[in-house]
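Trainee: Chain by chain, the residues run as shown.
Protein chains: 2
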Amino acid sequence: MNIEIINIGDELLIGQVTNTNASWIGEQLNLNGFRAFRFTVIGDKRQHILDALADAEKRADLVLLSGGIGPTKDDITKPALCEYFGTRLVFLEKAYHDIEELFARRGLKVTEINRLQAELPENCIDIPNRLGTARGMWFEKHLRGGRTVIFISMPGVPFEMKAMFTEEIIPRLKSIFKPQTIIHKTVLTQGIGESFLAKIIEEWENAIPKNISLAYLPQPGIVRLRLTASGDDPEIVGEQVENEVKKLMALIPDYFFGFDDDTLEKIIGNMLADKNLTLSTAESCTGGYIAHLITSVPGSSRYYKGSSIAYANDIKISELNISPQTLEQFGAVSGEVVKEMASGSRKKFNSDFAIAASGIAGPTGGTAEKPVGTIWIAIASPVSVNTYRFLFGDNRERNIRRASLQALNLLRKEISEYSLRIQKK
Amino acid sequence: MNIEIINIGDELLIGQVTNTNASWIGEQLNLNGFRAFRFTVIGDKRQHILDALADAEKRADLVLLSGGIGPTKDDITKPALCEYFGTRLVFLEKAYHDIEELFARRGLKVTEINRLQAELPENCIDIPNRLGTARGMWFEKHLRGGRTVIFISMPGVPFEMKAMFTEEIIPRLKSIFKPQTIIHKTVLTQGIGESFLAKIIEEWENAIPKNISLAYLPQPGIVRLRLTASGDDPEIVGEQVENEVKKLMALIPDYFFGFDDDTLEKIIGNMLADKNLTLSTAESCTGGYIAHLITSVPGSSRYYKGSSIAYANDIKISELNISPQTLEQFGAVSGEVVKEMASGSRKKFNSDFAIAASGIAGPTGGTAEKPVGTIWIAIASPVSVNTYRFLFGDNRERNIRRASLQALNLLRKEISEYSLRIQKK
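Residue numbers (this note's numbering), protein chains in the order written: chain A, -1 to 423; chain B, -1 to 423.
Please note that a few of the clues may not be correct.
A pair counts as met if it fits within one copy or between any two copies, since identical chains are not told apart.
Okay, derived cross-link-like pairs now, SDA-like style, lysine to any residue, Cα gap no bigger than 25 Å in a straight line [unchecked claim]:
(1) Lys411 - Ile123
(2) Lys345 - Ile234
(3) Lys273 - Asp258
(4) Lys160 - Gln14
(5) Lys139 - Arg222
(6) Lys346 - Ser321
(7) Lys346 - Asn319
(8) Lys160 - Ala248
(9) Lys423 - Gln323
(10) Lys183 - Ile206
(11) Lys208 - Thr70
(12) Lys160 - Pro216
(13) Lys197 - Val15
(14) Lys197 - Phe101
It is worth saying that the hints were derived from the structure and are not from the lab.
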């Protein structure tokens, strides 16, 4: 089955907006057992739209369009579709009713220009838009030789398009084309680069069943491993994936931290809230980014007490209670100092756990002994304070992010060990 | 002049990677007086590449390709190009020499697979790649009827492609096609939404000369206004832009903060460093994000002392020296409390300026009197403490970002006023 995606909009061609719609649709198709073979972007120009439709018709069984169906003058996809299919716009009572309701929910009356949104090509199937006025349009073109091409036009506004695609389009496509079962599971790792990870799991990767594919999805500080399995029997495919995930996890116990949409900050938040434990932080080189990650989780005030960010050395002494001797003897970027920072934070904030980080984020400020990218992290728990040294790269932004994620993952392990220990008692 | 962009890569079609290359190239073309009319994405499939080339040839004067020219087996753009142009790969000594140097800089020898990267289609002009092994390839195809189509193949790795496009491709295209002078200037605003901004500048926008266009580029908390002017005489066009920018700035003195690639955190950093002034922060609802923005600027340790992040109320009392009475009487989210937070922070960190923020980031935790999105900000300077109340939306992430940027912009104004005051003395 040949699927093509056409995105329409001048703003895409001049780079004002990145075409995230195409990659999102491509991914969703893939996650549901379909596959797109070509994306095309064109501007809001009548002839370009007609040409792109004719080109796609020659090759594709399904053409997904987005963009250009808003109520303003520059949106010309609807008249172009009418011209292409030799049809005309007709007023659709049901569409108008939905638009009225949408406006009523916001306490507004439908304006004249938005009334036009209820006019649709006579030959299309109308598809509701729960979040906006631009209706989806489903066309079927029966070609000589018996081939049928489906064209589906969707809004360009991402959240409207996504809701329509997920709720209306995908279920219809699945019921018509009955694709194979596709099961995905993403394994999340922290603290190891893509190539090193690939080496560790090489043998496993070479031995996974043919119907399972593996994708490496790296982000700064995190590598996601996505397994995609296809087959006829959902139960068998599901079991296969679970088996492979188990084998994979056994190979990378130090780096694995979660699945799918998990984040380290959410996982830690759940662990702390579950056990009624609290956390505080003491940051130097990460400059508040650890605190930001932790507090980006709704409800984090239940377990997060606060942080001291000490950028200047005198502040480290006054705020974090670092002894001037330790600072003098070992320097601010040292295991001794982060240890005192973490202990001091636990005490000051009266918290169960504390994270401390100090390092040289760069791009300058390194020495031969402590080059740019040197980061010390300490985790204080009710039973111990452990320190760790890392050497990252020379990009400030990435160093801050990697150090923060590394600190969260170390904390995750310490909380988990501590929870086991108190359970045993 | 008709330009098309073709991006090649299976990872694009399944949404594993968003096609940022096309939008970046589209923007760069636009910034240099060119314009693309179609983007196409195809997978690493021989026939699909040949088809896309043939399609583009029919319409375009210039076809820009990226992707599929790495050294691994799945990269098949090079053989497909050879097939399309009826040519063969030849070993290019100069290309090999560059690759050797690239490896030598990393202390490595060229591997067999990377030696293949020096093999290029016989009929192309070789374009150096300063940052990688994949060479650029420039083809010219002379069609019957006298039309010539230029095809340029570039790497898919964004930073390699970008360097090659900026340093090698754009200068050559400009010298061949001599586009009009294009001058851009982006005016940065904070603290006002796109539609409100549009209303304020409506009259001005309607009156700008025809050869200048305006684009609204909104980001959370910030709206950028980009003026793009074209013409024959660079001096006249430059003057026109300066004139319009002046008029625009006069309309939005409260929101304007900088130009082009400026950020609030960099501007503030420069102001503080210039005048030998220091800064500290006291954060509640923003949870370290203000500190993160400030410390994301290299060299921020020169003027930034540190922060206290107080999430729990008892920490606000102990760490920020808020009087329990104030907290009791007005609540943590109040002008009185942020005032004490800012003053306390200035004193504690011995800084010239201090920012304090407290609010309800959401999505829950609001009351009738203080709904979600209520944020109080205080700025303490050597001469005063001013407080400000804002009501943002119900999205936690956006509220944290908007509050932080708003706080930085308020600080910027206070530093600027203070600097004027001490200058006058």
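Trainee: Give a verdict on every hint.
Mentor: Each hint, compared with the structure:
no., hint, result
1, Lys411 - Ile123, "neither (54 Å within a copy, 55 Å between copies)"
2, Lys345 - Ile234, "neither (52 Å within a copy, 66 Å between copies)"
3, Lys273 - Asp258, "within (24 Å within a copy, 49 Å between copies)"
4, Lys160 - Gln14, "both (20 Å within a copy, 17 Å between copies)"
5, Lys139 - Arg222, "neither (41 Å within a copy, 43 Å between copies)"
6, Lys346 - Ser321, "both (15 Å within a copy, 18 Å between copies)"
7, Lys346 - Asn319, "both (9 Å within a copy, 14 Å between copies)"
8, Lys160 - Ala248, "neither (36 Å within a copy, 40 Å between copies)"
9, Lys423 - Gln323, "neither (39 Å within a copy, 43 Å between copies)"
10, Lys183 - Ile206, "within (14 Å within a copy, 54 Å between copies)"
11, Lys208 - Thr70, "between (50 Å within a copy, 21 Å between copies)"
12, Lys160 - Pro216, "both (24 Å within a copy, 20 Å between copies)"
13, Lys197 - Val15, "between (38 Å within a copy, 23 Å between copies)"
14, Lys197 - Phe101, "between (56 Å within a copy, 22 Å between copies)"
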